[in-house]
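In order, the protein sequences belong to chains R and P.
Per our numbering: the first sequence ends with 452, consecutive numbering throughout.
Per our numbering: the second sequence ends with 244, consecutive numbering throughout.
Keep in mind that the hints are not guaranteed to be accurate.
[Said to hold, decoys possible] Sample of chain P residues at the chain R side, in silico, Cβ under 7 angstroms: (1) M137; (2) Y186; (3) H193; (4) Q223; (5) E226.
[To be verified] When the alpha-carbon atoms are kept at most 20 angstroms apart in a straight line, the in silico SDA-like pairs for lysine to any residue are as follows: (6) K166(P) <-> E220(P); (7) K221(P) <-> D239(R); (8) K238(R) <-> H244(P); (9) K75(P) <-> G372(R); (10) K75(P) <-> K210(R); (11) K147(P) <-> Q348(R); (12) K147(P) <-> G349(R); (13) K171(P) <-> G372(R); (14) K238(R) <-> D210(P); (15) K147(P) <-> Y371(R); (16) K214(R) <-> K168(P); (17) K54(R) <-> A106(R); (18) K452(R) <-> D227(R); (19) K168(P) <-> A209(P); (20) K344(R) <-> G295(R); (21) K210(R) <-> R440(R); (22) K75(P) <-> G398(R); (23) K221(P) <-> K344(R); (24) K221(P) <-> G398(R); (25) K75(P) <-> K214(R); (26) K139(R) <-> E44(R); (27) K147(P) <-> K238(R); (28) K75(P) <-> K54(R); (29) K213(P) <-> S283(R); (30) K147(P) <-> N192(R); (31) K171(P) <-> S388(R); (32) K221(P) <-> N422(R); (33) K344(R) <-> Q319(R); (34) K147(P) <-> G328(R); (35) K305(R) <-> E110(P); (36) K221(P) <-> L215(R); (37) K147(P) <-> T273(R); (38) K139(P) <-> E104(P); (39) K147(P) <-> R369(R); (40) K221(P) <-> N192(R).
Worth flagging that the hints you see were computed from the coordinates, not collected in a lab.
Please read all numbers here as calculations on a predicted model, not as lab measurements.
We put the CB at the ideal spot given by N, CA and C, even for glycine.
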Amino acid sequence: MVKEKRIGTGKTIFLLLLSCTSLCGFLSAAAQDRIKIELNMGQERPRIAVADFKAANADAQTAPLNTVFNQTLWNDLDNAGIFDLVAKSFYPSQTPGQPSELNAKAWGDPPPNAGVLTFGNLGVNSGKVDVQGWLYDVKNPGAPQILGKQYKEDATPDMARTIAHRFADEIIARLGSGIAGIAESQIYFVSNRSGNKEIWSMDYDGANQKQVTKLGSIALSPRISPDGSRLAFSGLTKDSWQIMMYSLELNRTVAFPRAGGDNFSPAWASDGTKIAFSSSMHSGLSEIFIADANGAGARRLSTGKGDVSPVFNPKTNGQIAWVSGRTGLPQIYVMDADGSNVQKMTDQGYAVSPAWSPNGLLLAFAWVRNYGPGVLGGSDIYLMDIASRQIIQLTHDGGRNDFPSWSPDGRHVVFQSNRTGNEQVWSVLADGTHLQQLTRQGRNSQPNWSFK
Amino acid sequence: MNKSKSNRIVVLGVLALLMVASGCKKKETAPPPPPPPKAVVANLSANPASIQAGQSATLTWSTENATDVALDGNKVDPSGSQTVSPTQTTTYHLAAKGASGTQEATAQVEVAAKPTPTPTPAPTPSNVTDEQLFAQMVKDVYFDYDKADLRPDGQQALAQAAQLIKQKGWKVQIEGNCDDRGSTEYNLSLGEHRADSAKQALIRNGIGADAIKTISYGKEKPQCSEANEDCWQKNRRDHFTLLH
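Taking the hints into account, I'd like the entire structure generated from these sequences.
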């Protein structure tokens, strides 16, 4: 039984529900619906061949940087989740380094049977790395060029990776329904590897992990600003938790007003003008507040108990999802950004850590669905279609999975999981495939994906 | 008697009965309905059900038709026994999971507080510091899983502590803590609620609100890091410190 369902007005996501309503009858309670999210508009996935770039000269740095570049480009296109990558074993023996060397038919015909081919060359000249890259439609008899790009940067492995990310994002934007790639995005997270919990950053693929804060106590809940310039987080001071602000331009903590009581779990509006957070300043219990981005004019939105983890609808900034323990175990709620029109979104188990998808249509959250003392079962990541309240399960692999956060293109979710025995950061495509562990050193949690 | 033959007859009889009962049209292709899964049975008992702190009790359990059995979240044999020495009254939960669903059973071990000498506010020996006296008299209070309301033992302890705090004119900080099973951010708000519960109890017992400060540590400052109920219980607490 295949039901196809299109979510809202979304151009990019379909739900295919393989349910067993008519087959199962009384067994339906035990049977889990199998659901698939299509990431690419239901179109056929472009079949892309990714030829290794050729070394343009014999400089000692050329070969190692070319290796870094080729690996990064392949991984970025693979991670994108919207291509079929042609296996390298099918490639013709002659690889072009520039358009004059291209034999399009050898790539477009079987066995490679590629639709598009990317190729180019890389060379180091007096401390600079030069990259020329192309994308060609090799199925078309005229083999038209889709993309031609040139890059010149300092000859370092980091810059070779950066150039590969930029070129990959160009290809993804061109072939992936116009949605920008994420290869240059950043993920912020909490790590204890310095000895206490601080905020760290890494590239979207787990490379380049760096410590950001040096608070020396406990730093939690990193939330990067929409323009990527400031990082809000919760920091433990001598006598309370306070929302703190770190400038990634000045590389230091900048002033943010202290409030009474404990203040934690900040969230940015996607236009960067507002911050929501949880505070006990009013009643001694945690409630949701909203303030200007500089912390001024804080006002209370919710009057619950155990109100925490707000997140704005990034499409409109007109709604906030959050967690409340007002009826016992924590559940997900949604309200308008002025505190009105409260709706309870989940009604069972232990539901926390909502994350609103960039297109405004889905909530990711962590859920112990069948919750109770002694009940076997962990916390998994689920996705809810807000309009229909239909829920699908994204992780199935055991352990405690928590703190989902969406990639800017809405195709990936990063989250924390202790499935290997301790907490690490993982990413997965929103259709449940391409699961990857991004951190390995120390304990790492609460990932937050940049807005772009 | 041939037992398997008689079983087969019974099964055929049941099948025939089902077909009649459901008014099934006679179709030779209709498959027989699968037998319903056997009901899961779970029993849990504690002996003795009431102990003094420091003594131990034995938990005994048995299950039927269960594939997964867990005692307070830890996987155990389908039946067995275990010795426990809770320091507080504790309810143990047995969950047995089988084809037909999950069955739960609970048993409580009541822990009677050791007869403690009633607090002697005065005269205080001069060689005892305020910090020592505070630590001795204002003890941690503990909470049930995912709960923020004070248990009777906590209410009683705080009523006693309040007398001394009032008499001494102390200022106190209440630190709410959680075990490590919940989510980081929600646990901060739960710890906040636990600290506030103790604050309200002290206020009811005559302490001024301005003499009390609260903070939540969520699950960030555990006392104990093992994954078992004894340890989790130690972490679900309000801790009190003397402010200067």
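### Message
Checking one constraint from the list: CA of K75(P) to CA of K210(R), max 20 angstroms. Satisfied?
### Response
39 angstroms, violated
### Straight-line alpha-carbon gap K210(R) to R440(R), limit 20 angstroms
This hinted pair holds, its Cα atoms lying about 13 angstroms apart.
### Message
Next pair to validate is K221(P) with L215(R); report whether the Cα-Cα distance is within 20 angstroms.
### Response
OK: K221(P) and L215(R) at ~17 angstroms, within 20 angstroms.
### Task
Closer than 7 angstroms between Cβ atoms is the bar; does Q223(P) clear it against chain R? Give me holds or violated.
For Q223(P), the interface hint is violated, since the closest Cβ of chain R sits about 16 angstroms away, which is over 7 angstroms.
### Query
Can the restraint linking K171(P) and G372(R) be considered satisfied, given a maximum Cα separation of 20 angstroms?
38 angstroms, violated
### Task
Quickly compare the C-alpha distance for K75(P) and K214(R) to 20 angstroms and report which way the hint goes.
41 angstroms, violated
#### Entry: Distance restraint between K147(P) and Q348(R), which requires alpha-carbon spacing of 20 angstroms or less
17 angstroms, holds
### Message
Can you confirm whether the C-alpha distance between K147(P) and G349(R) stays at or below 20 angstroms?
### Response
Holds: K147(P) and G349(R) sit about 15 angstroms apart, inside 20 angstroms.
#### Entry: Proposed proximity, A106(R) with K54(R) (alpha carbon, max 20 angstroms)
Since the Cα atoms of K54(R) and A106(R) sit roughly 18 angstroms apart, the hinted pair holds (cutoff 20 angstroms).
### Query
Between K171(P) and S388(R), does the CA-CA distance stay at or below 20 angstroms?
At roughly 52 angstroms apart (the allowed maximum being 20 angstroms), S388(R) and K171(P) break the hint.
### Message
Just to be careful, I want the Cα atoms of K238(R) and D210(P) compared with a cutoff of 20 angstroms; is the pair within it?
### Response
18 angstroms, holds
### Task
Mind checking the alpha carbons of K139(P) and E104(P) for me, to see if they're no more than 20 angstroms apart?
34 angstroms, violated
In the structure shown, a violation is registered for the earlier hints numbered 1, 4, 5, 6, 10, 13, 16, 20, 23, 24, 25, 27, 28, 30, 31, 35, 37, 38, in ascending order.
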